[in-house]
Amino acid sequence: MKLTVEYLSQLKEASGINTETFIINEPILLSDFIKKHICNSERLAEQLLNEKKEIKDMLICFVNDKKCSVYETELNDDVDITLMFPIAGG
1 MKLTVEYLSQ
11 LKEASGINTE
21 TFIINEPILL
31 SDFIKKHICN
41 SERLAEQLLN
51 EKKEIKDMLI
61 CFVNDKKCSV
71 YETELNDDVD
81 ITLMFPIAGG
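Taking full-length UniProt numbering, the leading residue of the sequence shown gets 1, the next gets one more, and so forth.
In case anyone wonders, no lab produced these hints; they're calculated from the structure.
For glycine and all other residues, C-beta sits at the position ideal for the given N, C-alpha and C.
One should not assume that every hint holds.
Derived lysine-lysine pairs resembling DSBU-like cross-links, with alpha carbons at most 30 Å apart [stated by the list, open to error]:
no.: 1; residue 1: K12; residue 2: K53
no.: 2; residue 1: K35; residue 2: K12
no.: 3; residue 1: K67; residue 2: K35
no.: 4; residue 1: K2; residue 2: K66
no.: 5; residue 1: K36; residue 2: K53
no.: 6; residue 1: K53; residue 2: K66
no.: 7; residue 1: K36; residue 2: K2
no.: 8; residue 1: K36; residue 2: K52
no.: 9; residue 1: K66; residue 2: K12
no.: 10; residue 1: K35; residue 2: K56
no.: 11; residue 1: K67; residue 2: K12
no.: 12; residue 1: K53; residue 2: K2
no.: 13; residue 1: K52; residue 2: K12
no.: 14; residue 1: K53; residue 2: K35
For each label pair, taking beta carbons as the anchor points, the in silico distance ranges come out as [unchecked claim]:
no.: 15; residue 1: R43; residue 2: P86; range: 15 to 21 Å
no.: 16; residue 1: G16; residue 2: P86; range: 20 to 26 Å
no.: 17; residue 1: A45; residue 2: K67; range: 19 to 25 Å
no.: 18; residue 1: N50; residue 2: K2; range: 27 to 33 Å
no.: 19; residue 1: K53; residue 2: E20; range: 17 to 23 Å
no.: 20; residue 1: D77; residue 2: E46; range: 29 to 35 Å
Input sequences plus hints: build the corresponding full structure.
What follows is the structure in C-alpha cells.
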C-alpha cells in the first residue's frame with residue numbers, strides 16, 4: 001500500500017520536505033509506522049519522540065483529512081497522512 005505523508009509546521013522544517021511517500025506491504029498501526037519509518041530521520045525523531053521514545057502527546061494526525069488517534073489507527077489501504085503540531089503565536 002502507498003502511504004503519502006505531509007509534514008506541516010515544525011515537522012516540515014525538520015524534514016526539509018513537504019511530502020514523502022512510503023510503500024508498505026502489510027497493515028500497520030499509525031504509531032508503529034511513525035516510529036519505524038518516519039523516525040528514521042534523526043531530526044524528525046527529535047521532534048516526534050519524547051525522552052522515553054514515545055510519540056509526543058501534542059502530535060496531531062490526520063488520515064485522509066480526518067483527525068485520528070496515533071495509537072488506535074490502523075493503516076491498511078492507500079492513505080494520505082498529515083502530521084503536525086499545534087500552531088501558536090500572535
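Cross-check of the supplied hints:
For the hint linking K12 to K53, the alpha-carbon distance of about 20 Å falls within 30 Å, and the restraint holds. Annotation: proposed proximity of K35 to K12 holds, straight-line Cα distance about 17 Å (limit 30 Å). At most 30 Å may separate the alpha-carbon atoms for a hinted pair to count; K67 and K35 meet this at roughly 19 Å. Proposed proximity of K2 and K66 is supported: the alpha carbons are some 18 Å apart, at most 30 Å.
A threshold of 30 Å between alpha carbons decides the hint, and for K36 with K53 the separation of about 12 Å falls inside it, so the pair holds. A C-alpha spacing of about 26 Å is found between K53 and K66, which places the hinted pair at or below 30 Å, so the restraint holds. Between the alpha carbons of K36 and K2 the distance comes to roughly 15 Å, so the proposed pair stays at or under 30 Å and holds. For the proposed pair K36 and K52, the alpha carbon gap of about 15 Å is at most 30 Å, so the pair holds.
Of the pairs offered as hints, the one joining K66 and K12 holds, with about 20 Å between alpha carbons and a cut-off of 30 Å not exceeded. Restraint check: the Cα-Cα separation between K35 and K56 comes to about 11 Å, which is no more than 30 Å; the hinted pair holds. Of the supplied pair hints, the one linking K67 and K12 holds, its CA atoms being roughly 18 Å apart against a limit of 30 Å. Restraint check for K53 and K2: satisfied, since their Cα atoms lie roughly 26 Å apart, inside the 30 Å limit.
Distance restraint check for K52 and K12: the Cα-Cα separation of roughly 23 Å lies within the 30 Å cut-off, and the hinted pair is therefore satisfied. For the hint pairing K53 with K35, the CA-to-CA distance comes to about 9 Å; that is within 30 Å, so the pair holds. Look at R43 against P86: about 19 Å separates their beta carbons, and that is inside 15 to 21 Å. Distance hint check for G16 and P86: the Cβ-Cβ separation is about 21 Å, which falls inside the suggested range of 20 to 26 Å.
Checked against the given bound of 19 to 25 Å, the beta carbons of A45 and K67, roughly 23 Å apart, stay inside it. Under the hint 27 to 33 Å, the C-beta atoms of N50 and K2, about 29 Å apart, fit the expected range. The supplied range of 17 to 23 Å is met by K53 and E20, whose beta-carbon atoms lie about 21 Å from each other. Here the CB-CB span from D77 to E46 is close to 30 Å, well matched to the stated 29 to 35 Å.
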